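A.B. asks: Please work from the sequences and hints to get the whole structure.
Spelled out from the first residue to the last, the chains are:
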Amino acid sequence: MSDSDLTRRSVLRRTAAVGLLATPAAGLLTACVGAKDDGPTDQAEGQVTAENPLGVKEDAPVEVVIFNGGLGTKYATDAHIPSYKKKFPKADVKFSQTEEISTILTPRFSSNTPPDMVNNAGSKLMDQGRLVSAGQVAELTDLFDAPSLDVPGKKVKDTLIPGTIEAGTYNGKPYVLNYAYTVFGLWYSGKLFAEKKWTPPTTWSEFTSLLDAMRAAGITAPYAYAGANAAYYQYLVILTTAAKIGGPDVLKNIDNLEAGAWKVDAVRTAARLWGEIGAKYTDKSHLGLKHTEVQLQQNQYKVGFYPSGSWLENEQAKDTPPDFKYQLAPLPSATSADKLKPTALYAAPGEMYFVAAKGKNVRGGKEYLRHMLSKEGARKFTELTKVLTVVQGSTEGLTLSPGTESANKALTAAGTEIFNFRWDAWYKKMDDECRTATNELMFQGGTADKFCDRMQAIADAVKADSSIEKFNR
Amino acid sequence: MRHGTYRFVIGFLLAPIVLYATFVFYPITQLVYVSMTNWTGLSPKFRFVGLDNFAKIWTDGLFWKAVQHHLFLLILLPLITIALALFFAFLLNMGGGTRGGVMTGVWGSKFYRVVFFLPQVLAVVIVGVIFSRVYGPDQTGVLNRLLIDVFGMDKPIGFMIDYGMWAILGALVWQAVGFYVVLFSAGMSSIPADLYEAAVLDGASRVVIFFRVTIPLLWETVQVAWVYLGILAFDAFALVMLLSIEQGGPDGATAVLPVLIYKQGIRESEYGYASALGVSLFLLTITFAVLALRTGRREAVEH
Numbered sequence: 000m001s002d003s004d005l006t007r008r009s010v011l012r013r014t015a016a017v018g019l020l021a022t023p024a025a026g027l028l029t030a031c032v033g034a035k036d037d038g039p040t041d042q043a044e045g046q047v048t049a050e051n052p053l054g055v056k057e058d059a060p061v062e063v064v065i066f067n068g069g070l071g072t073k074y075a076t077d078a079h080i081p082s083y084k085k086k087f088p089k090a091d092v093k094f095s096q097t098e099e100i101s102t103i104l105t106p107r108f109s110s111n112t113p114p115d116m117v118n119n120a121g122s123k124l125m126d127q128g129r130l131v132s133a134g135q136v137a138e139l140t141d142l143f144d145a146p147s148l149d150v151p152g153k154k155v156k157d158t159l160i161p162g163t164i165e166a167g168t169y170n171g172k173p174y175v176l177n178y179a180y181t182v183f184g185l186w187y188s189g190k191l192f193a194e195k196k197w198t199p200p201t202t203w204s205e206f207t208s209l210l211d212a213m214r215a216a217g218i219t220a221p222y223a224y225a226g227a228n229a230a231y232y233q234y235l236v237i238l239t240t241a242a243k244i245g246g247p248d249v250l251k252n253i254d255n256l257e258a259g260a261w262k263v264d265a266v267r268t269a270a271r272l273w274g275e276i277g278a279k280y281t282d283k284s285h286l287g288l289k290h291t292e293v294q295l296q297q298n299q300y301k302v303g304f305y306p307s308g309s310w311l312e313n314e315q316a317k318d319t320p321p322d323f324k325y326q327l328a329p330l331p332s333a334t335s336a337d338k339l340k341p342t343a344l345y346a347a348p349g350e351m352y353f354v355a356a357k358g359k360n361v362r363g364g365k366e367y368l369r370h371m372l373s374k375e376g377a378r379k380f381t382e383l384t385k386v387l388t389v390v391q392g393s394t395e396g397l398t399l400s401p402g403t404e405s406a407n408k409a410l411t412a413a414g415t416e417i418f419n420f421r422w423d424a425w426y427k428k429m430d431d432e433c434r435t436a437t438n439e440l441m442f443q444g445g446t447a448d449k450f451c452d453r454m455q456a457i458a459d460a461v462k463a464d465s466s467i468e469k470f471n472r
Numbered sequence: 000m001r002h003g004t005y006r007f008v009i010g011f012l013l014a015p016i017v018l019y020a021t022f023v024f025y026p027i028t029q030l031v032y033v034s035m036t037n038w039t040g041l042s043p044k045f046r047f048v049g050l051d052n053f054a055k056i057w058t059d060g061l062f063w064k065a066v067q068h069h070l071f072l073l074i075l076l077p078l079i080t081i082a083l084a085l086f087f088a089f090l091l092n093m094g095g096g097t098r099g100g101v102m103t104g105v106w107g108s109k110f111y112r113v114v115f116f117l118p119q120v121l122a123v124v125i126v127g128v129i130f131s132r133v134y135g136p137d138q139t140g141v142l143n144r145l146l147i148d149v150f151g152m153d154k155p156i157g158f159m160i161d162y163g164m165w166a167i168l169g170a171l172v173w174q175a176v177g178f179y180v181v182l183f184s185a186g187m188s189s190i191p192a193d194l195y196e197a198a199v200l201d202g203a204s205r206v207v208i209f210f211r212v213t214i215p216l217l218w219e220t221v222q223v224a225w226v227y228l229g230i231l232a233f234d235a236f237a238l239v240m241l242l243s244i245e246q247g248g249p250d251g252a253t254a255v256l257p258v259l260i261y262k263q264g265i266r267e268s269e270y271g272y273a274s275a276l277g278v279s280l281f282l283l284t285i286t287f288a289v290l291a292l293r294t295g296r297r298e299a300v301e302h
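Line by line, the protein sequences give chains A and B. Under numbering that gives the first Met the number 0, the residue at position 21 of the first sequence is numbered 20, and the numbers go up by one with no gaps. Under numbering that gives the first Met the number 0, the residue at position 219 of the second sequence is numbered 218, and the numbers go up by one with no gaps.
A hint or two may mislead.
Claimed, not checked - Pairwise CB distance ranges, derived in the manner of DEER restraints:
(1) 444(A) x 103(B): 54 to 62 angstroms
(2) 448(A) x 78(B): 37 to 45 angstroms
(3) 173(B) x 193(A): 42 to 50 angstroms
(4) 128(B) x 106(A): 22 to 30 angstroms
(5) 31(B) x 471(A): 30 to 38 angstroms
(6) 153(B) x 202(A): 33 to 41 angstroms
Keep in mind the hints are simulated off the structure, nothing from the lab. Note that this is a predicted model, so its numbers are computed, not measured. Cβ coordinates follow ideal geometry from the N, Cα and C atoms, glycine included.
C.D. replies: What follows is the structure, given as structure tokens:
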């Protein structure tokens, strides 16, 4: 080679320029746009009989994907899968688990090769509303109308806690099974409270004076949540207070994207009260911590109250001192003119399970859900995960752990004053914005007005965006 | 003879070009196409919407915040990394002064070379995990512990809370510096010893030698380093995902384009919009590269 311009360095320089074209992430998202929109042509189908009401093909494999989080996966591998296999010994149940549902499954949905049954959960869950409107989710009407697996003479739908089917209903049709019945509130250590002779507060002034007492007792963060990845635990609490002040319709209006729903007095007052708690009783470093780190601090008695759902006890099982005794307190009433009683609770069927409409064995997927909804399947689930299910009476004969027991009691005490919202699952964009706005309010000197303005602005933007399908309840 | 050489060269080039076209060029054309649709990523159906997504980007405050953060990294990351790397490389190769007319490194320079290079062999995820402990916002954080116990600071600093981009920059520099130390060391060792000898004979100090002899002769290597580091400044995805609050927060304080793309695409299922962001990132990177290579062109000193 002549000593022209092709020296080692100019090669290096050109390589650099070429390397640019492999711009990070830019080419990554589009790998499989061209997939064809063929529905499943060869869905497994068997004979419909009294024993097999959904017409499952007895030897067709069924693939289930379970989110591996607070609930673990043992309930699937040790209870539900054996139950399915017992009924259909010739079928192969393909099980897999992941901590990142959307990372693993989005490509499979966009190429129309989804697994049959999916547990859509975790902080990286898929946008359930968009999945439904994209026609990827099978309707579950026939499952709920089928006879229950082990409650003779009852249909599946008659064995469930009221509100279960509605929680998975999109525009009038049931698509999703919300299986775990989750109770939300403030968690504390029964041992600590007994030791210090503290009682859970029922009014806001009792609440703040208890927080003062905690601080005086050397607890560094009387109130805490993890800003780095769990701000949604906190916005749930803010909106629970709003619902107590103004009634459950406050949440319904937010869900339905009503004009000005975020700017009503109930929401503003709730945001103001919680903003004050954030400014006074939290540890600023918690903004930079993840939920497990803050929960660990509560197990070390450095945190007083922690907002979370009833999965908390199981999630922390490994780190909890044996005498810690998780207890749940409903949120204290906010004003003397609250529309709901202090015992009112945010409780909701949660943990979404759905059957993919374009899977190879849709009937098998539904049958799998029927096994989950059997009394035995639900009882084992509660036994293994310490979390209640939507199946009525499935805790009969079980010795519940202290946390589950207290959640169960709170649920009974609440009576009919149980409410929840669904906008966070319907409109992921609002969920993202609300996390940010909540962190601002609680940790970064934000105000109630700013919180309401921000959330109203994003709600209006979502409402105006024609590419986002809207839901109603 | 000449003819045979070309056939030889083409034979070698063909395979990479085919691979490149399949795995880089084709996805890029797809990306541009998707960026003009409202594809959700969850089904194969979508509608063509023209430039709507780009109009949305233009008014998206978070996008402009992210662009600012990339400019911040684009200026500071190469500057700090190259300055540190040059300094270390000089010390390792020539910092020890002359011995028998030959420039030598500081004592123990072979050991330091390994130490500097170590971060480079760590996967970026590991770097992220390490730095999440280094930047821990309470007394358990490595840096905070150090500042409180040794320097008597009274309360911990929230590195990711108040100084997000600086913290990300720190981790990026920490990981990158080692590689460029090695790169510059290689460049320095290829500079003929007689040039240095002549400079030393003329009475030049180490500082003068560094600026008048080493830098000009290393110029092309520095320029390459600049381009590579610039590309790194347009990425920062993994570190922001691992270290920052709410992935790009608090309140967009550490937003970078790849993370926005991820959030819009995967979390909020707006692949069309995410692709439009991807195209914007692509254009920004290309613009930078062209500018860097044009303005950095300077007569190379041949030796």
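A.B. asks: Each of the hints needs a verdict: does it hold here or not?
C.D. replies: Comparing the hints with the structure gives:
1. In this structure, residue 444(A) and residue 103(B) meet the distance hint of 54 to 62 angstroms, their C-beta atoms being roughly 56 angstroms apart.
2. Here the CB-CB span from residue 448(A) to residue 78(B) is close to 41 angstroms, well matched to the stated 37 to 45 angstroms.
3. As the Cβ distance of residue 173(B) to residue 193(A) is approximately 48 angstroms, the hint placing it in 42 to 50 angstroms holds.
4. In this structure the hint that residue 128(B) and residue 106(A) lie 22 to 30 angstroms apart at CB holds, the actual value being about 26 angstroms.
5. Hint check: residue 31(B) to residue 471(A), Cβ distance near 37 angstroms, so the stated range 30 to 38 angstroms holds.
6. The supplied range of 33 to 41 angstroms is met by residue 153(B) and residue 202(A), whose beta-carbon atoms lie about 36 angstroms from each other.
Checked against the numbered hints above, the structure breaks none of them.
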